[in-house]
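For the sequence shown, counting from 1, position 141 maps to 141 in UniProt numbering; every step adds exactly one.
I should point out that these hints are in silico values taken from the structure, not numbers from a laboratory. Quick reminder that beta carbons are idealized off the backbone N, C-alpha and C, glycines included. Check the hints yourself; a few may be wrong.
Stated by the list, open to error - Computed Cβ-Cβ distance ranges for the label pairs, DEER-style:
hint	residue 1	residue 2	range
1	Asp108	Asp53	34 to 40 Å
2	Asp222	Gln165	47 to 53 Å
3	Ala140	Glu111	17 to 23 Å
4	Gly95	Asp237	43 to 49 Å
5	Gln17	Gly218	44 to 50 Å
6	Gly218	Pro155	51 to 57 Å
7	Ala142	Pro219	32 to 38 Å
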Amino acid sequence: MTTLLIADLHLHPEAPQITQGFFDYLERNTAEGTDLYLIGDIFDAWIGDDLMDLGAADPSGHAALACQVAERLKAASDAGMRLFLMHGNRDFLLGESFAQRAGATLLDEPERLDLGGEPTLVMHGDSLCTSDEAYMAFRAKARDPQWQAGVLAMPIPERLALASQLRQQSGEANSTKAADIMDVTPEEVVDVMQAHEVRRLIHGHTHRPAVHDLSLAGPQGDPVSAQRIVVGDWTRDQGWEVRIEDGEAPSLNRFSF
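Please work from the sequences and hints to get the whole structure.
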């Protein structure tokens, strides 16, 4: 049994190298007994599952990319790989329609899972960045069902324009923020792990791949060792994964395309 976790591919029509790198990754790893968790920001933006209905008629290329990714995922699923999707801060509008078309299961965020025999909390990670108050306010709005319904009711060209505007605003805002504000809040990490009674947390979002050892309070108040693993973001020439083989400790791996 092999478990793979990846995040922050930010697939976009203007970054075909990453898309091809992802397809090659699927081809290398597709096998029965392999679970692949895509834990957020698989797409750089997602404006609704109905985008796929446009196909090649969408001049932006987003629809064609979405259809192509769904087809490749479905092929992997049909070949025996189990696929799981989780929302990120860029693709929080991913829905059941895409998941079904891709042969994948859409998970809640966060999700407590048994990975390699160890209870593990899996999440995208943006909810851990509580020091970034401006982003947390936007996140609360973007997860509101009424706000989402309003966005999905807009014509697709308007949604594409909104997604582009939000990406630009995010980039401008992040350029002026202190680095520690955009990272996770340590106290929030501890609170979340203890609330879900886990000693292992795996997330993405921060683009700061690393394995962090930490200490939590045990049932009797005594300290217990724990671990936070951050999956890296994909670029035009490399990707990141967390790989868990039965009976072995998780490994955080960088690989070239």
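Going through the hints against the structure:
1. Range check, Asp108 to Asp53: about 26 Å between beta-carbon atoms, so the 34 to 40 Å window is missed.
2. The hinted range of 47 to 53 Å is satisfied by Asp222 and Gln165, whose Cβ atoms lie roughly 50 Å apart.
3. At about 20 Å, the CB distance of Ala140 to Glu111 agrees with the hint of 17 to 23 Å.
4. About 31 Å separates the C-beta atoms of Gly95 and Asp237, a value inconsistent with the hinted range of 43 to 49 Å.
5. Judged by the Cβ atoms, the range 44 to 50 Å given for Gln17 and Gly218 holds: they are separated by roughly 46 Å.
6. About 54 Å separates the C-beta atoms of Gly218 and Pro155, a value consistent with the hinted range of 51 to 57 Å.
7. Restraint check, Ala142 to Pro219: a C-beta distance of roughly 36 Å satisfies the suggested window 32 to 38 Å.
In summary, the structure is inconsistent with hints 1, 4 from the numbered list given earlier, while agreeing with the others.
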